[in-house]
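Engineer: Sequence:
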Amino acid sequence: MGTFGEQRWSTWPETSHAGRGPLPWPEWVVTDGDAIDYELGVVKTGKEAEIHLIRRYSPSSGREALMAAKRYKPTVPPAVRARVVNGSDRMTQSGRDKRAIAKMSKYGQFLVRSEWATSEFEFLRTFYAAGVPVPYPVQIQGAELLMEWVGDEHGVAAERLIHAQLDAGRASAAFEQVLHAMLAMARLGYAHGDLSPYNILVSGGRIVIIDFPQVVDIAKNPEGALILERDCRNVCSFFEQLGVPGVDVETLYGECLSVAWT
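For the sequence shown, the working numbering gives the first residue as 111, with consecutive numbering after it.
One or more hints might be untrue.
Below, a list of computed lysine to aspartate or glutamate pairs in the DMTMM-like style, where the Cα atoms sit at most 20 Å apart [to be verified]:
| # | residue 1 | residue 2 |
| --- | --- | --- |
| 1 | Lys154 | Glu116 |
| 2 | Lys183 | Glu116 |
| 3 | Lys330 | Glu232 |
| 4 | Lys330 | Asp304 |
| 5 | Lys154 | Asp304 |
| 6 | Lys157 | Asp262 |
| 7 | Lys183 | Glu149 |
| 8 | Lys183 | Glu158 |
| 9 | Lys154 | Glu269 |
| 10 | Lys154 | Glu263 |
| 11 | Lys183 | Glu160 |
| 12 | Lys154 | Asp262 |
| 13 | Lys330 | Glu365 |
Taking CB as the label site, the calculated pair distances span [unchecked claim]:
| # | residue 1 | residue 2 | range |
| --- | --- | --- | --- |
| 14 | Glu160 | Gly315 | 24 to 30 Å |
| 15 | Asp262 | Glu360 | 34 to 40 Å |
| 16 | Val266 | Arg118 | 21 to 27 Å |
| 17 | Ala329 | Tyr148 | 39 to 45 Å |
The set of hints was computed from the structure by calculation and includes no laboratory data. Yeah, the Cβ is synthetic: ideal placement off N, Cα and C, and Gly gets one too.
Full structure from sequences and hints, please.
Structural biologist: This is how it looks when you write it as structure tokens:
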């Protein structure tokens, strides 16, 4: 699946409990067994994955919802391959799997794509349950992650923070939300790993953080503290340029480290 206009039966009924989002499921999640997923097109293409817009509709109840489907690409980028082969990824590998990944056979590519999707899904579940502003993770099927669509009912995606035209009040409010989000992740022991204005969405009056395949354990990763500091600098530099008062990278970094190591 992937071409505009294609459709399929909803994959919800065949998805295990572990492959579904945290309870309670939001009211907008369509769980009807007769639901159909309609492909509405690609909304974003990256080096590692594509984001597709999906409309799930149930003929019996009339319920429907838009979702974002993140699908990792069949060809794994060299940087991803190197990280996995060198063992810095989170994958648990058998000897056969390690050889397949090292050779980047079709099976090896499938393993990496599925593991990356599953890893991101699990982080989204954890962060959402902890109150971090992330898209609700609906379900995981193989290398496809279905999650909340952050945008309007017409399929127009929310703006990225880098492109949002924020006045002083909205910029200050967005900065406070990002601070709370970073601290909430740090309390769980994690840093986003690649946080910047490009993967923070602005939807109405709220911010939503996206793209989590690079998440690092601050304590266990040898470079965890440095990666956290980089996230802090990226965020603070952006809001300093907007003229938000009280932006201090050392204070944010120290607070995140403090709660991460408590």
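Engineer: Work down the list of hints and note, for each, if the structure agrees.
Structural biologist: Okay, the hints, checked on the actual structure:
| no. | hint | in the structure |
| --- | --- | --- |
| 1 | Lys154 - Glu116 | 18 Å, holds |
| 2 | Lys183 - Glu116 | 19 Å, holds |
| 3 | Lys330 - Glu232 | 18 Å, holds |
| 4 | Lys330 - Asp304 | 17 Å, holds |
| 5 | Lys154 - Asp304 | 18 Å, holds |
| 6 | Lys157 - Asp262 | 25 Å, violated |
| 7 | Lys183 - Glu149 | 17 Å, holds |
| 8 | Lys183 - Glu158 | 6 Å, holds |
| 9 | Lys154 - Glu269 | 13 Å, holds |
| 10 | Lys154 - Glu263 | 17 Å, holds |
| 11 | Lys183 - Glu160 | 7 Å, holds |
| 12 | Lys154 - Asp262 | 16 Å, holds |
| 13 | Lys330 - Glu365 | 18 Å, holds |
| 14 | Glu160 - Gly315: 24 to 30 Å | 29 Å, holds |
| 15 | Asp262 - Glu360: 34 to 40 Å | 38 Å, holds |
| 16 | Val266 - Arg118: 21 to 27 Å | 24 Å, holds |
| 17 | Ala329 - Tyr148: 39 to 45 Å | 44 Å, holds |
Of the numbered hints listed earlier, the single one contradicted by the structure is hint 6.
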